[in-house]
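Peer 1: Sequence:
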Amino acid sequence: MDESLERAELPDGLRRGEPGYARAVVALLAAGLASFNALYCTQALMPALTHGLGVDPAQASLTVSATTGVLALAILPASVFSERYGRGRVIAVSALSASVLGLLLPWAPDLTWLVAGRAVQGLLLAGVPATAMAWLSEEIHGDHLAPAMGQYVAGTTIGGLLGRLIPSGVLEFASWRWALAATTVFAALCAAATILVMPAQRRFVPKQLSAGQEWRAVRQHWRHQQLAGLFLVAFVLMGVFVSVYDFLGYRLVSSFGLREAQVGSIFLLYLFGTAASAVAGRLTVRHGRPRVLLVGAAVCVLSLPLIAVPSLWAVVVGTALFTTGFFTAHAVASGWVGALAVRDRAEASGTYLACYYLGSSVVGYLSGVVFHRGGWSMLVLWLTALSAVAVGMSVAVARGARSDTPSAPPTPPATCQRSSEEDVLSSRTR
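Under the working numbering, the first residue of the sequence shown carries the number 1, and numbering increases by one thereafter.
Derived from the structure by calculation, the hints contain no laboratory data.
Zero decoy hints are in this set.
Pairwise CB distance ranges (calculated):
hint	residue 1	residue 2	range
1	Glu18	Leu312	48 to 58 Å
2	Trp178	Leu312	21 to 31 Å
3	Ser377	Ala261	23 to 33 Å
4	Trp113	Val185	14 to 24 Å
5	Arg291	Met378	27 to 37 Å
6	Ala275	Gly54	34 to 44 Å
All values reported here derive from a predicted model rather than from experimental measurement.
Note that the Cβ used here is the ideal one computed from N, Cα and C, for glycine as well.
Construct the complete structure from the given sequences, taking the supplied hints into account.
Peer 2: What follows is the structure, given as structure tokens:
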């Protein structure tokens, strides 16, 4: 049976006020809290890992890079897997299995075991960011989708924030192992809530997809000059962003004598990014994507030298400005990908996310090497240079835009379109 006919026979999406709607929103909120808490839970622990395990900052950064790197490689396969076996099933298994593994990580005997466990956790986590928004877009009625999507996005933001704040707070009176245990218990409880509350999918239609089909779609996107430029901007800027927050704790402890809980509070600056993402959407409507993307990338470059100044206030202000610039650029870039890729959008969004998290992994580790060998000033110089490269890429993307409208090849007949998390996010940030 034709897919459009199958969908026509499906029940309507859930509406606000129906029992299933509230359950769906709570379940995906909990999934966001669980997965993004687990994703970056060792970032705030890196100085403690350095002292507790006797490793250098570059080695400690592998506890973050291994997770994001494997997740980057697994996002597209997880998205394809969900098309065949159901998004709800993938989300539930992903959130629960990653959280259960997380409960074992605090007892890793050394860094090698911890990094290996975090890599496996990245593989298990991929199912949530790859499919959560697509699940909502299928199961929630279009008239009520925006608030539900907002709850999930809030869950990912708050989950990532708590993944830093909980362990840094526990470090005030316990070791890194207990700090990691505390935040993984929180993630496991949120994952359990996801399983218990999530309603069964009513509108899912399985699809038969092939690896060759997916590979051709991804390859075609890389041939599109503007899309390729946006993928690279995501790779570089996300790498710089994670590097700043990976190693800022070392700077705050060694240069300003802050305690662990005080260092953890620096992650509250993420809230500047949350606000910037919303503002970026409105600015894009007024001024167009090219200008707002360039402004975001330029703010990243101009703010980084501030964090090299030997003043705590300068470091805080510089980090806040950099966070604002990064989230502005990311909001525009992710939305622009959805606009440019009028065919095979799921693959385009998946490729963007893969580059985004791969940049976190690769650049994050390389930045650790730079920091270990050259110190904070050399790290800031390295990150500023990378951000300047991102500005150059943004200029190239902007020049390639004939107008601030979708510009991709026309969709051929019988093309199978799939929604994904970034497709919906794109509509919110355009």
